[in-house]
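S.K.: As given, the protein sequences belong to chains E and H, one line each in that order.
Residue numbering for the first sequence follows the UniProt record's numbering, starting at 1 and increasing by one per position.
Residue numbering for the second sequence follows the UniProt record's numbering, starting at 1 and increasing by one per position.
Hints listed in this document are in silico derivations from the structure and should not be mistaken for laboratory results.
Positions of the beta carbon are idealized from the N, C-alpha and C atoms, including for glycine.
Just so you know, not all the hints are guaranteed correct.
Said to hold, decoys possible - Some chain H residues close to chain E (C-beta under 7 Å, calculated; not the full set): (1) Ala55; (2) Ala56; (3) Glu59; (4) Gln69; (5) Met72; (6) Thr76; (7) Val161; (8) Arg177; (9) Arg178; (10) Gln182; (11) Leu350.
To be verified - Simulated restraints on C-beta separations: (12) Arg43/H <-> Leu350/E: 34 to 40 Å; (13) Glu390/H <-> Arg30/E: 36 to 42 Å; (14) Arg43/H <-> Pro392/E: 46 to 52 Å; (15) Arg123/E <-> Ala343/H: 48 to 54 Å.
Number of protein chains: 2
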Amino acid sequence: MACRVLGTCSIQLIDSRKEAVDLDEFESIRLWTDSRQSAERQREQGVIVGIGDDAAVVEAPQGEGGTLQWLMAVDTMVETVHFNAATMAEADVGWKSLAANVSDIAAMGGVPRHALVSVSVPRAWEPAGIRRLYDGLYACAEQYGVAIVGGDTTSSPLHLVVAVTVMGTIEAGKAIRRAGAQPGDVVFVTGPVGMAAAGLHWLLAAAASGQAAAAPAQPAGGGAAGSPPCVPLAAAEAAGVAALVQAHRRPAPSVRAARLLAARGTVTSLNDVSDGLASEAWEIAEASGISLSLRESRLPLSGSMAAYAHRVHTSPLEWMLYGGEDYVLLGTIAAGDAQAAKAELAAAGLPMYLIGEVSAGPAGVELIRDLTSADSYNQRHSAQYAAEAEAPREPIAKRGYNHFAQ
Amino acid sequence: MACRVLGTCSIQLIDSRKEAVDLDEFESIRLWTDSRQSAERQREQGVIVGIGDDAAVVEAPQGEGGTLQWLMAVDTMVETVHFNAATMAEADVGWKSLAANVSDIAAMGGVPRHALVSVSVPRAWEPAGIRRLYDGLYACAEQYGVAIVGGDTTSSPLHLVVAVTVMGTIEAGKAIRRAGAQPGDVVFVTGPVGMAAAGLHWLLAAAASGQAAAAPAQPAGGGAAGSPPCVPLAAAEAAGVAALVQAHRRPAPSVRAARLLAARGTVTSLNDVSDGLASEAWEIAEASGISLSLRESRLPLSGSMAAYAHRVHTSPLEWMLYGGEDYVLLGTIAAGDAQAAKAELAAAGLPMYLIGEVSAGPAGVELIRDLTSADSYNQRHSAQYAAEAEAPREPIAKRGYNHFAQ
Chain E
1 MACRVLGTCS IQLIDSRKEA VDLDEFESIR LWTDSRQSAE RQREQGVIVG
51 IGDDAAVVEA PQGEGGTLQW LMAVDTMVET VHFNAATMAE ADVGWKSLAA
101 NVSDIAAMGG VPRHALVSVS VPRAWEPAGI RRLYDGLYAC AEQYGVAIVG
151 GDTTSSPLHL VVAVTVMGTI EAGKAIRRAG AQPGDVVFVT GPVGMAAAGL
201 HWLLAAAASG QAAAAPAQPA GGGAAGSPPC VPLAAAEAAG VAALVQAHRR
251 PAPSVRAARL LAARGTVTSL NDVSDGLASE AWEIAEASGI SLSLRESRLP
301 LSGSMAAYAH RVHTSPLEWM LYGGEDYVLL GTIAAGDAQA AKAELAAAGL
351 PMYLIGEVSA GPAGVELIRD LTSADSYNQR HSAQYAAEAE APREPIAKRG
401 YNHFAQ
Chain H
1 MACRVLGTCS IQLIDSRKEA VDLDEFESIR LWTDSRQSAE RQREQGVIVG
51 IGDDAAVVEA PQGEGGTLQW LMAVDTMVET VHFNAATMAE ADVGWKSLAA
101 NVSDIAAMGG VPRHALVSVS VPRAWEPAGI RRLYDGLYAC AEQYGVAIVG
151 GDTTSSPLHL VVAVTVMGTI EAGKAIRRAG AQPGDVVFVT GPVGMAAAGL
201 HWLLAAAASG QAAAAPAQPA GGGAAGSPPC VPLAAAEAAG VAALVQAHRR
251 PAPSVRAARL LAARGTVTSL NDVSDGLASE AWEIAEASGI SLSLRESRLP
301 LSGSMAAYAH RVHTSPLEWM LYGGEDYVLL GTIAAGDAQA AKAELAAAGL
351 PMYLIGEVSA GPAGVELIRD LTSADSYNQR HSAQYAAEAE APREPIAKRG
401 YNHFAQ
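Pulled out of the complex, with its shape left as it was, chain E reads as follows (with noise of 0.2 Å):
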């Protein structure tokens, strides 16, 4: 925990009366994580010292069946990179920068287990939207189980930095990586694609025309003192778009369906869909050295990013494919297991969708266009399929989306 060289050890807010705070970095860290977790959550994650020393000190939990191995993700989050004072309230960026990293480890077929927080503030902002960034991420920990055991808290010169780091653990050679899809498996994912993308579409055309502005009163979002207030969700309500901007700000990671698909032994290959459904599947796509076919008429479509896509006259596959942000798994599993698992997943209230198949190799991912048109999107389950011989395939590109070149 150390703070500083060229400025001062304290950190710098601006408090609501618009008066500059000096905070030492033990009292922000006490004002920001004091008393927020049960000594049953830290207990129960085996944490032997938690935040407040050099060094978090945990127990490594046992496996119920062997050895467990350890696993470690870190991810961050930038402000003006990731989000901004319109698109994303102060908890949103705490429960995201969380989330992001408990889908790092459910991607690998993990439990997260450990959490560590670097947050870098700037000079601007309250120490209450610092507490509200830390509401966001203590919600996350208690829906994924998630000890926060320790953190560093720094200034910045201009901008939010949020790093977070998770540990895992998984049955010892259980870890499922990105290499393993073989020929004749199935392609699945565990929820829809291209919702968070549109969600952003929207908040971003909303903070344009000043729709952060003009909303009715709510807790200020954006921590920056004076900064204007995040979208609100009501706007979104309003526009029927709720479900999309939930979708971009309360992404939630796929731990019970990774957990469940691991224990079958059968996923040869698993991402999480963090940079977009394309590039996700092209990654397996090269570590595998196979291709994928992906089938336009079975990629999961969400209704409410569907109507509006159409609305926006955009095709909701550029953010099906492209939109990233999904944090939903992208897998593969052998072909005799895979409607077993997709019932298992269906009992435990999981949703999984066998939306292609993989073939040999050279490296490469394509879709079989087999709707009969882009609209019959809107009228997804009355839409007549081309027949599996025409159904024209294209080449899917390795890329992400580009939200500026809209």
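Use these hints to put chain H onto chain E, whose structure you have.
M.R.: This is chain H only, laid out in the frame that chain E set:
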């Protein structure tokens, strides 16, 4: 490894010909991390999956005498807060961002093992500058036997931010906390204090007087294309302050000392001196509910620091007590074992200075001014010490150093 929302997925940088370069995240990670560490190093630390999947997978190492517990710490360095283009070259930033975390593991008595590296890179940086940052990071990793197992790379609007997480291990129940100091214990440090602060003092003065720009050509410091190079070590050598500058740029955490001390079982509290001797002593005093008395005559003094302090008419004591970033260890040990511990460390070529005593609370830190005059710092070994009974005692403030207040 998610990379963007509002920006693009690629990392945009400026190359040496001042042209914009777009690197996708995987290209950039490969460019900076491929083949940088031996397979032996990774195997030795039980790495099953390293950089390149959603999360790293590592085997829990086996303790020789029983179960191990895990230690986890994160530390972040922010451009303009912890360094700038004049004070540190990119490789120094890489070294120090890992060293600060290694020091946190040492401060619990543990063995550092694995690191995750999150780098947020401003557009103005050259790819070669980030490569040099990783040079320093990997050099530090080799020095301390740490396997780099993963990370995240994002864009940053203006300032470089490096957040490093280190995982280590400690024999179960043996982690040394801050709260165990007992009346009668002896206070120790494992190296000189104040050198890093003195080095930074010189660096800021040199930068202000234009020594960075006037210095002979060297590999460009400062990652931003076109930014002034960092103050060269040759200039520090010419000024007789190279050791001070290196103490600031390349701190050497006391891992070996920590392990030898932890094995004795007589160390009752331990901290690393990241925020200054005074601040760390206060942490132990408050956590343990005791009072620490430090003897001025016993504080380990660097000759080059004392000489530089004399030249700039500063009291070396200010740097020694409040300077910070020394990354030596401050702790307390049972009085009966202090000399034997010192002898064991000496036999291993490691310093240990017995600098004071613990007495019953209330929590506090005082300095016994047992040197006859401030001048005697320069004639330390021949100085006349005030007789014990006469030596005045002064409370030591609970604060860090403010470089701007000088």
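S.K.: A separate judgement is required for each hint: does it hold in the structure or not?
M.R.: Here is what the structure says about each hint:
no., hint, result
1, Ala55, "4 Å, holds"
2, Ala56, "5 Å, holds"
3, Glu59, "6 Å, holds"
4, Gln69, "5 Å, holds"
5, Met72, "5 Å, holds"
6, Thr76, "5 Å, holds"
7, Val161, "5 Å, holds"
8, Arg177, "6 Å, holds"
9, Arg178, "6 Å, holds"
10, Gln182, "18 Å, violated"
11, Leu350, "19 Å, violated"
12, Arg43/H <-> Leu350/E: 34 to 40 Å, "37 Å, holds"
13, Glu390/H <-> Arg30/E: 36 to 42 Å, "41 Å, holds"
14, Arg43/H <-> Pro392/E: 46 to 52 Å, "48 Å, holds"
15, Arg123/E <-> Ala343/H: 48 to 54 Å, "49 Å, holds"
This entry does not satisfy hints 10, 11, going by the numbered hints stated previously.
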